[in-house]
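A.B. asks: Chains A and B, in that order, give the protein sequences. Residue numbers for the first sequence follow our numbering, so the first one is 1 and each next one is one higher. Residue numbers for the second sequence follow our numbering, so the first one is 1001 and each next one is one higher.
Please keep in mind that the hints were generated in silico from the structure rather than gathered at the bench. The beta-carbon is built from N, C-alpha and C at its ideal position, and this holds for glycine as well. Heads up, a few of these hints could be off.
To be verified - Pairs of lysine-lysine residues, derived as DSS-like cross-links and limited to a Cα-Cα distance of at most 27 Å, are as follows:
hint, chain 1, residue 1, chain 2, residue 2
1, A, K404, B, K1308
2, A, K76, B, K1327
3, A, K325, B, K1308
4, A, K404, B, K1327
5, B, K1308, A, K365
6, A, K65, B, K1052
Said to hold, decoys possible - Computed spacing ranges between beta-carbons, pair by pair:
hint, chain 1, residue 1, chain 2, residue 2, range
7, A, D102, B, R1042, 19 to 27 Å
8, B, H1359, A, E139, 50 to 58 Å
9, B, D1050, A, E114, 55 to 63 Å
10, B, P1371, A, Q418, 31 to 39 Å
11, A, N438, B, R1042, 37 to 45 Å
12, A, G426, B, E1307, 35 to 43 Å
13, B, R1224, A, N438, 40 to 48 Å
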Amino acid sequence: MAIVPKIDVGDNYKEKYGFFDPEKYVFKAKRGLNEEVVKEISWMKNEPAWMTSFRLRALKVFFKKEMPTWGADLSKIDFDNIYYYLKSTEKQGKTWEDVPADIKRTFDRLGVPEAEKKFLAGVAAQYESEVVYHSLHKELESRGVIFLDTDTALREHPDLFKEYFGTVIPPADNKMSALNSAVWSGGSFIYVPKGVKVEIPLQAYFRINAENMGQFERTLIICDEGSFVHYIEGCTAPIYTTDSLHSAVVEIIVKRGARCRYTTVQNWSTNVFNLVTKRAMAYGDATMEWVDGNLGSQITMKYPSIYLMEPGAKGDVLSVAFAGKGQHQDAGGKAVHVAPNTSSNIVSKSISKAGGRTSYRGLIKVYPGARNSRSFVRCDALLLDENSRSDTYPTTEVDEEQVKIGHEATVSKVSDEQLFYLQSRGITRAEAETMIVNGFIEPFTKELPIEYAVELNRLIQLEMIGSVG
Amino acid sequence: MGFTRDAVERLSALRDEPAWLKSRRLESFGVYERTPMPDTRRDADWRQVDLKGLDLESFEPFQQPDGAAPAPSIPESLGVLAQRGTGAATAASSAAELERRGVVFCPLWEAAVRHPELVERYLFSALRPDRDKFSALHSAFFSGGTFLYVPDGVSLERPLVGQFWSAGTGGSTLPHTLIVAGKGSRFEYLDEFLDDGAAVSYVALHRWGEQAWQFAGQRVRLNRDAQFQGVNVGLGGRFARLRMEALLEGEGSSARLRGLFFGTGRQSFDFRTLQDHLAPHTTSDLLYKGALRDLARSVYVGVVRVEKNARGTSANQANRNLLLSEKARAASEPILEIENNDILRCSHGATVGPVDPEHLFYLTSRGIPEPVAERMLVQGFLSEVLDQIPVAYARQVVEEELARRIG
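Make the full structure from the sequences, and use the hints.
C.D. replies: Encoded structure:
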């Protein structure tokens, strides 16, 4: 057998994403969570009174709600040991020159400004709790597209903001959405006017630098009738021995005939708990697409969902999860059919290796009256070694007769025949495995902008090489 | 009235049970008293179950009917044991043949006295009384029941049948079936649960059905190279919960599980299945199919678990639901938990939907009236499982009942 170059996955993450800068801040809230901290965040942001009371109400809900008893093991999270708000710079940059040098260096290393030049129409970069850089093509701005960080949007577009904020995911939806509603900071606000198609993707990059940090961005996207937008988010963090928490809320409204695609390449370091609530409302003939890749974090619990509110609405979820040593990816998708003639399609691909665990968890719900709804869920899991684990927990609740619902799942290993075939062509076992895994997740990579696809393939290749030999 | 400690003592005294059995009953009663009713909102095992309207206090803990069960007659069987409540069993068995081959087939209370070495060892070795309130209730108050022991290497060509008759409303029927299959033995066994007048028309069935709550647990432990084939048929009851669990503990063992149900009126079914692969080279294959009409509903929750050292496993699980009315409703939750990668294949599938309109179109385009075409499609859908019911008598009973319900 060929000698396989051994590259440790953790080491590689460390040099590429896992570096950290000395912590600098202009304001840091006290460790832990209480009314004072929440009031302080709101005061720092100079928010209107309604938002302050919204936050305080949400905090009460958070304290009242119990932790979920299902899904991944969250008992390790110590809510009292987390910093809920950290502001690292006084003002937001419109050009990279405005961004403090050390923060800019971080995003340089992550390749954000370079990607912006090459293939993005707008970029937001969030560092700890606040968005430190923001840009949008002049042309889009002139067509009425709004792409701002959520805090600025609250100040500059208060009416639009208030009309939609918290309507898709109310604070009481679950414990984590209540937490986010109480301490949210940063995130993206996008409004695409009627008929405007944003052909080039917008991107946000989320970076946690400090230890024991909690990042709670809040994203709100409104696609007005007949519009289109593709939003991409990426995220990384340094590797610490203590845990950090990332808990976002993403609300999306896709109006009649509009289409929204939301792509995530989640690559948090393995000390981050990633507990995210993402939900979209799709109205008449609208299309919502979640393309959700989960490679990093210690524990992820995230089930992007689509509420199909009016006839002709369509929803797609494409979920890919990769769990290595010590990781548990509890991911999936939900489609809720409220109106007749709606369709949804969920495809999940998961890979577990080196003791990692992937779980698909999903829901298909059809309410009475949602006649002629169609939904299909397909889950494929690949187990690369004996110590890894894969679970599939789909739930189907159908309260309407004239519907067609299907679910199929398989769990398998890399087949010996495929390996034998490739090896007989002179390809080493490690390369062959990598090729098979890349082929397995191709439905995902082919949906990514090319630059991301290349990057993802490279990531998985590195992860794979460490796995054999 | 009600399930009390005193009632346990009275029940135990009826048959003069051995001390070990009585103390097990009392112990289980303690568990029953301590255990709250399942929380159908929080407890994953009971999610989507509607227990409203069930009042355990309203039931007689056991039945002492006047008459024994009707004398059974199933010509093709090797033996039938019919029981009603705590009454005496009536049997129609080829006793001589069973005895000659060392087979024990008798009411459980009798076996507890005559074969304590077998009964004491195996009774409740598969089902734990402390699992939930109903398991505890059953362990404390099981009355009537069948014991079947087939020695090593014995194979029986004709099936054995246990029949349980309920003596009307307000009572509880808690029979316990214990089957011990020796190495290399081979046989078929049929459990039949009947209301008085089960053979009468649909309406009567429906009326009884409105009132019966059923909680059934089946657990099969398979040793090396053992094979099990089980079919569950759900037709009656206001609420019927059937738990079928196959533990593949021995290398090379295999289980083939089939389920068939047809709900009408306000019937509600709740199926929970487990295919637990604990040993290498084990195989399981599950198929539960059912149709729902009127306001009937069903919940299917099935788990396939492949444990750490179960290499070379193959598991399949499928649940198919046909909705035949606007208000019928089905929920399906097939679950996979795989901890070993050296598996041949694990897969599952679930579907919920009406009769395929394309199939319907095809048949009607051939001049078949729509109601007839629909009937044919439902029959065809259900026959996949119906044809696999191993005992001819049971197949016939189910077929007739299905024909009546398909209408």
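A.B. asks: Please go over all the hints and tell whether each is borne out by the structure.
C.D. replies: Comparing the hints with the structure gives:
The hinted pair formed by K404 (chain A) and K1308 (chain B) fails the criterion: a straight-line CA distance of about 36 Å is larger than 27 Å. Distance restraint check for K76 (chain A) and K1327 (chain B): the Cα-Cα separation of roughly 44 Å exceeds the 27 Å cut-off, and the hinted pair is therefore not satisfied. A C-alpha spacing of about 17 Å is found between K325 (chain A) and K1308 (chain B), which places the hinted pair at or below 27 Å, so the restraint holds. Pair hint K404 (chain A) plus K1327 (chain B) holds up; C-alpha atoms about 15 Å apart against a cutoff of 27 Å.
Distance hint between K1308 (chain B) and K365 (chain A) is unfulfilled; the C-alpha atoms sit about 33 Å from each other, more than 27 Å. Between K65 (chain A) and K1052 (chain B) the alpha-carbon distance is near 25 Å, which keeps this suggested pair within the 27 Å criterion. Roughly 48 Å separates the CB atoms of D102 (chain A) and R1042 (chain B), a value that falls outside the hinted 19 to 27 Å. Checked against the hint of 50 to 58 Å, the pair H1359 (chain B) and E139 (chain A) passes, with Cβ atoms roughly 53 Å apart.
Look at D1050 (chain B) against E114 (chain A): about 58 Å separates their beta carbons, and that is inside 55 to 63 Å. Range check, P1371 (chain B) to Q418 (chain A): Cβ separation about 50 Å, and the 31 to 39 Å hint is violated. Here the CB-CB span from N438 (chain A) to R1042 (chain B) is close to 42 Å, well matched to the stated 37 to 45 Å. Checking the proposed 35 to 43 Å range against G426 (chain A) and E1307 (chain B) shows it holds: the Cβ atoms sit about 38 Å from each other.
About 41 Å separates the C-beta atoms of R1224 (chain B) and N438 (chain A), a value consistent with the hinted range of 40 to 48 Å.
Against the hints set out earlier in the document, violations occur for numbers 1, 2, 5, 7, 10.
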